[in-house]
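Participant: These are the residues of each chain, in order.
Protein chains: 2
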Amino acid sequence: MQAVVLKNGALHCQDIAKPLAAAGEALIHLRLAGICATDLELVKGYAGFTGVLGHEFVGEVVAVDKPHQHWLHQRVVGSINLGCRQCLVCLNDGPEHCPNRKVLGIRGQQGVFADYFTLPVTNLYAVPDSITDETAVFAEPLAAALRVVKQLQAVSVANIAVIGPGRLGLLIAKVLAVAGYQVQVLGRSAKSLVLPKQWQLNTDLIDKVADNQFDCVVDASGQADGFRQALRIIRPRGILILKSTFAAAEPVDLSKIVVAELQVMGSRCGSFADALALMTQQVIPFETLIDARYALCDGEAALAFASRPGVRKVLLRP
Amino acid sequence: MQAVVLKNGALHCQDIAKPLAAAGEALIHLRLAGICATDLELVKGYAGFTGVLGHEFVGEVVAVDKPHQHWLHQRVVGSINLGCRQCLVCLNDGPEHCPNRKVLGIRGQQGVFADYFTLPVTNLYAVPDSITDETAVFAEPLAAALRVVKQLQAVSVANIAVIGPGRLGLLIAKVLAVAGYQVQVLGRSAKSLVLPKQWQLNTDLIDKVADNQFDCVVDASGQADGFRQALRIIRPRGILILKSTFAAAEPVDLSKIVVAELQVMGSRCGSFADALALMTQQVIPFETLIDARYALCDGEAALAFASRPGVRKVLLRP
Numbered sequence: 106m107q108a109v110v111l112k113n114g115a116l117h118c119q120d121i122a123k124p125l126a127a128a129g130e131a132l133i134h135l136r137l138a139g140i141c142a143t144d145l146e147l148v149k150g151y152a153g154f155t156g157v158l159g160h161e162f163v164g165e166v167v168a169v170d171k172p173h174q175h176w177l178h179q180r181v182v183g184s185i186n187l188g189c190r191q192c193l194v195c196l197n198d199g200p201e202h203c204p205n206r207k208v209l210g211i212r213g214q215q216g217v218f219a220d221y222f223t224l225p226v227t228n229l230y231a232v233p234d235s236i237t238d239e240t241a242v243f244a245e246p247l248a249a250a251l252r253v254v255k256q257l258q259a260v261s262v263a264n265i266a267v268i269g270p271g272r273l274g275l276l277i278a279k280v281l282a283v284a285g286y287q288v289q290v291l292g293r294s295a296k297s298l299v300l301p302k303q304w305q306l307n308t309d310l311i312d313k314v315a316d317n318q319f320d321c322v323v324d325a326s327g328q329a330d331g332f333r334q335a336l337r338i339i340r341p342r343g344i345l346i347l348k349s350t351f352a353a354a355e356p357v358d359l360s361k362i363v364v365a366e367l368q369v370m371g372s373r374c375g376s377f378a379d380a381l382a383l384m385t386q387q388v389i390p391f392e393t394l395i396d397a398r399y400a401l402c403d404g405e406a407a408l409a410f411a412s413r414p415g416v417r418k419v420l421l422r423p
Numbered sequence: 106m107q108a109v110v111l112k113n114g115a116l117h118c119q120d121i122a123k124p125l126a127a128a129g130e131a132l133i134h135l136r137l138a139g140i141c142a143t144d145l146e147l148v149k150g151y152a153g154f155t156g157v158l159g160h161e162f163v164g165e166v167v168a169v170d171k172p173h174q175h176w177l178h179q180r181v182v183g184s185i186n187l188g189c190r191q192c193l194v195c196l197n198d199g200p201e202h203c204p205n206r207k208v209l210g211i212r213g214q215q216g217v218f219a220d221y222f223t224l225p226v227t228n229l230y231a232v233p234d235s236i237t238d239e240t241a242v243f244a245e246p247l248a249a250a251l252r253v254v255k256q257l258q259a260v261s262v263a264n265i266a267v268i269g270p271g272r273l274g275l276l277i278a279k280v281l282a283v284a285g286y287q288v289q290v291l292g293r294s295a296k297s298l299v300l301p302k303q304w305q306l307n308t309d310l311i312d313k314v315a316d317n318q319f320d321c322v323v324d325a326s327g328q329a330d331g332f333r334q335a336l337r338i339i340r341p342r343g344i345l346i347l348k349s350t351f352a353a354a355e356p357v358d359l360s361k362i363v364v365a366e367l368q369v370m371g372s373r374c375g376s377f378a379d380a381l382a383l384m385t386q387q388v389i390p391f392e393t394l395i396d397a398r399y400a401l402c403d404g405e406a407a408l409a410f411a412s413r414p415g416v417r418k419v420l421l422r423p
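Read top to bottom, the protein sequences are chains C and U.
All residue numbers for the first sequence refer to my numbering, where the first residue is 106 and numbers rise by one.
All residue numbers for the second sequence refer to my numbering, where the first residue is 106 and numbers rise by one.
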């Protein structure tokens, strides 16, 4: 079978052996995969991953053991963390924070940029017929966006800024707007704000925003400058949600966190069930996020295109 | 009158005019002042302050306007933020976060390292007779320590590490222990842990602590390395309280905040009323924090001594 393999910092589409599903695992045939910023980071060497890349997918179960036959031929998406299911962290907090976890296409588990791949059935979610492949493939980033809504449920927040109008920033802004928050998408160029406006979101150039304006700021920029701007525009005692990290190559002045008593919350994976439920409501125009579609064998070119500034989602099909 | 004045980066004890109390202000005669890490930072140029230094004090009201005569001859301590009392921040969050605030001896308001100084009566707290001057002078740092207890009230936390066994770290660890938490004071040298042990606190060398151990870590180290260690020893979804900042001279890898979904909370000033109430219970041996006493006129030498590694509290008396 064909697979996009990362090895020694180089990416190649190559022919490898079809994997075998162990007990409790499903063998999945890829229908559509999405390229994520994390994939681009992995290619640069982050986390030292070697193997088949990819973790955003929609696929079809083509083999599974006897006790799980009801999954056979189901169209599925899947959560990406594989915990040991035995440690206290798994039992209390779930697999996302297990110290021994594998992560699909990121850590110790072969990814989805391949004709076939395996995943434990406990990670699978059946996709309702009303959701197309080109929507379902956004389940993982939409779940990550919904995590922000969940984290804000316990606190009182009126106006929210989302820094970074990329694929994840847009999804976060939209789910916050759908949840009833007053949201502003902030970007560095007028061009980057065209799609947010199409999505009927309020927008502004970040340099035009005055200091200390927002109750809550979500930094989805993935850049040190975005984090700096987040610290600038948040009000005292505000909530800053970090949705993406940046390479720790330059110092950032953190003193406002103490002086203004900010609350900074890291935010990672969210609920696939909630994401699929929201998808059936068809309030998010996912198709406008798709900038290109490539064949799996053109994975190298697809990742190169996905890394261009301003490009949002690039899909791979087998 | 004598005053310790910071001007153009140099510190001098000099004779200056006695200040006049405006309407709503008290003229206070200094009884005892404490030197704080912030004073040492101000001397290095932080915040560009010029004028009389100092904000930790116990004093006696010697003049006040007619409507506030009940303050006359009272022994007092005082909160240090002077808000405009008109903006939304003052009305909602209090003077600590007012964008136009003055801060005693730190920003736009002459400090307490002087025979006399003024403060609005709304900032004053009467000191009960059972509290000595050498205890009362710790009201401001004790209030700051109690702020951590208050911030943790809303969350569920079992074991807490306090990084930095200095004057503030010790007070934080002690008030957390008094509040019933399981607390560990972490320092870089065995010598720095002698006093924490005397205070019956659990201690450990920070390098000996394994990764991901603590539900909550309070960083009171004032150093980038302390913050790095805090990120290392905190468990996924843990709470990291930043009690002191460090100069943003070197990059710190913040990716664990996102990956482990940490909650980082800045923590600054606390309740003087709560601090005085705790002082009357006499559970904290403040006198063991005092490493030296200097006369006001020896302020330069006192600040130089206070900046030595391992020195905790240095007092100034008029």
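Do not rely on the hints blindly, as some may be mistaken.
Since the list gives no way to pick out one identical chain from another, each pair is judged satisfied if it fits inside one copy or across any two copies.
[Claimed, not checked] With a straight-line Cα cutoff of 20 Å, these simulated EDC-like cross-link-like pairs (lysine to aspartate or glutamate) come out:
#1 112 with 403
#2 207 with 316
#3 149 with 198
#4 255 with 316
#5 149 with 403
#6 149 with 358
Honestly, the hints are just simulated from the structure, not real lab data.
Participant: Determine for every hint whether it applies to the structure shown.
Facilitator: Verification of the hints:
{"no.": "1", "hint": "112 with 403", "verdict": "within (17 Å within a copy, 66 Å between copies)"}
{"no.": "2", "hint": "207 with 316", "verdict": "between (41 Å within a copy, 19 Å between copies)"}
{"no.": "3", "hint": "149 with 198", "verdict": "neither (30 Å within a copy, 45 Å between copies)"}
{"no.": "4", "hint": "255 with 316", "verdict": "neither (27 Å within a copy, 28 Å between copies)"}
{"no.": "5", "hint": "149 with 403", "verdict": "within (18 Å within a copy, 57 Å between copies)"}
{"no.": "6", "hint": "149 with 358", "verdict": "between (26 Å within a copy, 17 Å between copies)"}
In terms of the numbered hints stated before, the structure departs from hints 3, 4, listed from lowest to highest.
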